[in-house]
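J.: Sequence:
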Amino acid sequence: MLAGQVSAQDIRIATFAAPLGRKGPGLLLRDLGRADDQIDAVAAIVAQVAPDILLLTDVDYDRDGLAMQALADRMGFAHSFALLPNAGMATGLDLDGNGRVGEARDAQGYGLFSGDSGMALLSRWPINADAVQDLSPLLWRDLPWATLPNGPLWTDEIANIQRLSTTGHWIVPVQTPDGPVTVMAFSATPPVFDGPEDRNGLRNRDELLLWAHALDGDFGASPQDYVIAGNANLDPMDGDGLRGAMAAMLTDPRLTDPLPRSSGGFAAADADHSGDPALDTADWPDGAPGNLRVSYVLPAATWTVTGSGVFWPPPDDPNAKIAEAAGPHRLVWVDLRR
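Take any residue in the sequence shown, count from 1 to its spot, add 350: that is its number in our numbering.
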């Protein structure tokens, strides 16, 4: 089934790590109110794919929700939801050990300001905000079976305040015409930009582990009719990071990997690519880190998958320029039926 073609019985859920974060608060709202080629490309892609529920994983949060409402209106969604992300949330500590505090790497998650590069859930149907479970405040050390870093950049003082979620982990009920669907939304840290303690690599792995615990019922009742969606920043076969964690999630019998593909990803394959390049969701320079599969929509095994894809047209397709203009990430979508 092609993007934009979904039957009346299906639910189309998508995630997009389109870079809608800006370098300061209020700048996204400014850019939404004027000509902006990148925002235009993002909106054009969303219009073509036409998801019923869309998770954006790199979008600035504003307390009054003005930018989120402008995005929802621009993209044709009646409902939206967002929470203040951990990204940019000040800790008051020198987390990177460079002798200065208050910098992007000293926040709970990398960010220049409070609300930097958060998440937003857009939906054609009502979102039950009162029933949202926000796991974002969970301290890393309090995650069962967490693997914490060792070394001078990990102290008791840091452990006492360091949250696990780089951006957030939300469990969000959406009321569709055929019944509720629970979106488990997240955006994890890149498993790089650290030192020999592998702080980001370990954190990235444990951000996936949190979902396994949630499905086990360790944070309350186990979610029902759920879909895990977001940017894991981890490929199961290529690139940096503890790739086995992603491979384990993709083979969890409670989940279905729809294996969304694109012809553009296949055409842009790196020479040293280990996996199926048609599954890739990000177009980075070869070897640094190269094209990778990092964004996912993973439904519970109880759903029937009727279609899936990655919006990555081949080079000879006129839409290829739109995909490039939107940024390095590609939108991933899955069609589901009960």
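The set of hints was computed from the structure by calculation and includes no laboratory data. Hints are not guaranteed to be accurate.
[To be verified] Per label pair, the in silico range of CB-to-CB distance:
#	residue 1	residue 2	range
1	G570	T601	42 to 50 Å
2	R380	D484	26 to 34 Å
3	N510	Q574	15 to 23 Å
4	D666	A385	21 to 29 Å
Note that CB positions come from ideal geometry on N, CA and C, so glycine has one too.
J.: Would you mind marking each hint as holding or not holding in the structure?
T.: Against the structure, the hints:
1. Taking the beta carbon of each, G570 and T601 are about 25 Å apart, not inside 42 to 50 Å as hinted.
2. In this structure, R380 and D484 meet the distance hint of 26 to 34 Å, their C-beta atoms being roughly 28 Å apart.
3. Checked against the hint of 15 to 23 Å, the C-beta distance between N510 and Q574 comes to roughly 34 Å, which is inconsistent with it.
4. Separated by about 28 Å at the C-beta atoms, D666 and A385 satisfy the suggested range of 21 to 29 Å.
Consistency note: the structure conflicts with the earlier hints numbered 1, 3.
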